[in-house]
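*Asks:* Go by the hints and put chain B onto chain A.
Protein chains in written order, with my numbering: chain A, 1 to 341; chain B, 342 to 597.
Think of the hints as simulated: they come from the structure by calculation, not from any bench. Just so we're clear, the structure is a prediction, and the values are computed from it rather than from any experiment. Even glycine gets a Cβ: it sits at the ideal position worked out from N, Cα and C. Heads up, a few of these hints could be off.
[Said to hold, decoys possible] Sample of chain A residues lacking proximity to chain B, with all beta carbon distances greater than 12 angstroms (derived):
id	residue
1	G18
2	M45
3	A98
4	Q134
5	M135
6	D144
7	I158
8	P159
9	S165
10	T167
11	L284
12	G285
13	P297
14	V308
[Stated by the list, open to error] Counterexamples of contact, computed for chain A against chain B with all Cβ distances above 12 angstroms:
id	residue
15	L13
16	G31
17	F41
18	W42
19	F132
20	L139
[Claimed, not checked] Some but not every residue of chain A turned toward chain B, in silico, with C-beta under 8 angstroms:
id	residue
21	R209
22	K211
23	V212
24	Y215
25	N216
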Amino acid sequence: MLARLKAPQWAGLSLIGGLVIFPYVIAMLTGQPVDSGVPKFWQGMLIQVFILAVFAMSYDILMGYTGILSFGHALFFGTGAYTIGILLKHAGWDLGSAFVAVIVIAIVQSLIVGLLSLRVSGVYFAMVTLAFAQMFFLLAEATDFRQWTGAEDGLQSIPVPAWISPTTERLRFYYLALGFAIAMYLVARQIVNSPTGRVMMAIRDNEVRAKVLGYNTLIFKLIAITVSGIMAALAGALNALWNLNANPAVLSVATTINALLMTIIGGVGSLIGPMLGAGVIQLLGYWLNVLFGPSWPLLFGIVYILIVLFLPYGIVGTWRLRGTSWLEQWRRRWQELTVRS
Amino acid sequence: MSEWIIQTHALTRDFGSLRAVDHVDLKVRSGSVHAIIGPNGAGKTTLFNLISGYLKPTSGRVIFRDRDITHLPLHKMAHLGIGRSFQITNIFPTLTVLENVRLAAQARGGDNFRLWKPATHLRRYTEQAYTALQQVGLHERALQIAATLPHGDKRRLELAILLAGDAEVLLLDEPTAGMATEQVPILLDLLRQIRRGTNKTILIVEHNMSVVMSLAETITVMHQGRVLAEGSPAEITANQVVREAYLGTTFTGGRQ
Numbered sequence: 001m002l003a004r005l006k007a008p009q010w011a012g013l014s015l016i017g018g019l020v021i022f023p024y025v026i027a028m029l030t031g032q033p034v035d036s037g038v039p040k041f042w043q044g045m046l047i048q049v050f051i052l053a054v055f056a057m058s059y060d061i062l063m064g065y066t067g068i069l070s071f072g073h074a075l076f077f078g079t080g081a082y083t084i085g086i087l088l089k090h091a092g093w094d095l096g097s098a099f100v101a102v103i104v105i106a107i108v109q110s111l112i113v114g115l116l117s118l119r120v121s122g123v124y125f126a127m128v129t130l131a132f133a134q135m136f137f138l139l140a141e142a143t144d145f146r147q148w149t150g151a152e153d154g155l156q157s158i159p160v161p162a163w164i165s166p167t168t169e170r171l172r173f174y175y176l177a178l179g180f181a182i183a184m185y186l187v188a189r190q191i192v193n194s195p196t197g198r199v200m201m202a203i204r205d206n207e208v209r210a211k212v213l214g215y216n217t218l219i220f221k222l223i224a225i226t227v228s229g230i231m232a233a234l235a236g237a238l239n240a241l242w243n244l245n246a247n248p249a250v251l252s253v254a255t256t257i258n259a260l261l262m263t264i265i266g267g268v269g270s271l272i273g274p275m276l277g278a279g280v281i282q283l284l285g286y287w288l289n290v291l292f293g294p295s296w297p298l299l300f301g302i303v304y305i306l307i308v309l310f311l312p313y314g315i316v317g318t319w320r321l322r323g324t325s326w327l328e329q330w331r332r333r334w335q336e337l338t339v340r341s
Numbered sequence: 342m343s344e345w346i347i348q349t350h351a352l353t354r355d356f357g358s359l360r361a362v363d364h365v366d367l368k369v370r371s372g373s374v375h376a377i378i379g380p381n382g383a384g385k386t387t388l389f390n391l392i393s394g395y396l397k398p399t400s401g402r403v404i405f406r407d408r409d410i411t412h413l414p415l416h417k418m419a420h421l422g423i424g425r426s427f428q429i430t431n432i433f434p435t436l437t438v439l440e441n442v443r444l445a446a447q448a449r450g451g452d453n454f455r456l457w458k459p460a461t462h463l464r465r466y467t468e469q470a471y472t473a474l475q476q477v478g479l480h481e482r483a484l485q486i487a488a489t490l491p492h493g494d495k496r497r498l499e500l501a502i503l504l505a506g507d508a509e510v511l512l513l514d515e516p517t518a519g520m521a522t523e524q525v526p527i528l529l530d531l532l533r534q535i536r537r538g539t540n541k542t543i544l545i546v547e548h549n550m551s552v553v554m555s556l557a558e559t560i561t562v563m564h565q566g567r568v569l570a571e572g573s574p575a576e577i578t579a580n581q582v583v584r585e586a587y588l589g590t591t592f593t594g595g596r597q
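Next comes chain A alone, as it looks inside the complex (with noise of 0.2 angstroms):
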């Protein structure tokens, strides 16, 4: 069976099993116990990239799949947050119930967004999922509901038991983020490779045609919409458990504008892009900041236009198009997104 496998499938294999042994790797290079120190900051670091990488794949469904450019992105990563913070700490639920919860509320919310904004298209829809992040964020700092959402403050210290508590499981809270960015990946190339994923591909080229071979695509755009907002509640969720806090920012507009940026740089419609473009903000980030202090997201703008410039196909498109040359490909782009609008 091995031997059946493509070179994709290599390197994700290869990836999936580098990051397996990575805390001991780590451990092993610096001599430090594996659950202190580097090791565990480094464990850190990835975790926030996986919970960051479920996000921008989510955001991949709507916008590199389906064609739906959503500036409310954030709207279904915070609402996830809040909602397992609040049920931990406020209402006292246990962790599976409240995760059950953090997804039938993603469900209701994304067809009450997708119902009352999808008649819209292009950059109208994108105002109106915008609105509806920012009414969420006014809500989240709203001083009315402090008892239970500590307005500006944030909700703090969210009781996250103890068998999986980012402090002192640190390692095992490792695997699990990274079994769910796995996982979700799983599902989400499942979904967009399903007949229902080819149709949502359809609209995003062509719309209309869609409609006259018979497809209400307002119902194909909607299990877009709900997908995506599942899964960036759940990454939302874990967010909140990994950090131990949820406050207004998950629900701001940079929220959304990250998974853009992460989607754009790894690669529109790929999902496997997004993640690695979660990977390469997280780290540059990090790097840049060691290096150059508090004025880092300046030079995180330049890298951020010379990737465009460079690889308007992101880092797995422009991967998937080797060969040709960098002209060639913004010809190509150009002439797509031409045509598209």
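*Replies:* Just chain B now, with coordinates in the frame of chain A:
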């Protein structure tokens, strides 16, 4: 079953102050090839868009068999058995040729909401897609990305999409538009083939008179949004009014 598969009653569409289609009563016989001709701007494509649900009329009705479909949503037209092609190539550019056609086959099946099965495992649709691609002679390009096809092949892909949809009524909006002259006979053969094997109705807008005259049983001539004349190819060729309004100027030159 009604003799007429598609009828329009006083169908009218305004664009601002311009009346593009003006009280058109059209009757398309079930199983026939019906052509709509007329000079540029006569309202042919608008009439087509109204019949296929792409545009909504200002007034008037569209009847499919005995059913009023004037206000039916676009996606429901295909399920009734009405398929259309477009004058300007209208495909899914980043998908493969096969996937373009497969989506048309899948649209009429019941497997659109299976999130857990790989699309490529639904053999039935893939086979239908290959059959349609073979009919138009594109099967060897099945795995190519649609956007990279030359223009003439894109026109053929458009037809394959229509065939795979297995519609009862085919609305063809200028299928030869932009096609190389030597490809036109191939298209004609293909349309004849479709006619022979099935009981499909074809409603066609076309500028190429050789295609129209050799294919159509009934011709409707439109001029300034109205129906100027209707009849068999022989009747239309002999019609003095038609000659003056239309054929006299462009008939000999074919497509303008």
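*Asks:* Now look at each hint and say whether the structure bears it out.
*Replies:* Now for the hints, and whether the structure bears them out:
1. G18: holds, 28 angstroms
2. M45: holds, 33 angstroms
3. A98: holds, 25 angstroms
4. Q134: holds, 31 angstroms
5. M135: holds, 30 angstroms
6. D144: For A:D144, whose nearest Cβ neighbour in chain B is about 40 angstroms away, the distance exceeds 12 angstroms, so it holds.
7. I158: At roughly 32 angstroms from the nearest Cβ of chain B, A:I158 sits farther out than 12 angstroms, so the non-interface label holds.
8. P159: holds, 35 angstroms
9. S165: holds, 35 angstroms
10. T167: The claim stands: A:T167 keeps its Cβ more than 12 angstroms from every Cβ of chain B (closest is about 37 angstroms).
11. L284: Fine: 29 angstroms to the nearest Cβ keeps A:L284 off the interface.
12. G285: With a cut-off of 12 angstroms, A:G285 remains clear of chain B, as the shortest Cβ separation is near 31 angstroms.
13. P297: Since the minimum Cβ distance to chain B is about 33 angstroms, A:P297 lies beyond 12 angstroms and the statement holds.
14. V308: holds, 19 angstroms
15. L13: Non-interface label on A:L13 holds, nearest chain B Cβ at 20 angstroms vs cutoff 12 angstroms.
16. G31: At roughly 47 angstroms from the nearest Cβ of chain B, A:G31 sits farther out than 12 angstroms, so the non-interface label holds.
17. F41: holds, 39 angstroms
18. W42: At roughly 36 angstroms from the nearest Cβ of chain B, A:W42 sits farther out than 12 angstroms, so the non-interface label holds.
19. F132: Fine: 25 angstroms to the nearest Cβ keeps A:F132 off the interface.
20. L139: Its Cβ never comes within 12 angstroms of chain B, the nearest being 32 angstroms, so this holds.
21. R209: holds, 5 angstroms
22. K211: holds, 4 angstroms
23. V212: holds, 6 angstroms
24. Y215: Hint holds; A:Y215 Cβ to chain B Cβ min 6 angstroms, cut 8 angstroms.
25. N216: holds, 5 angstroms
Consistency note: the structure conflicts with none of the earlier hints.
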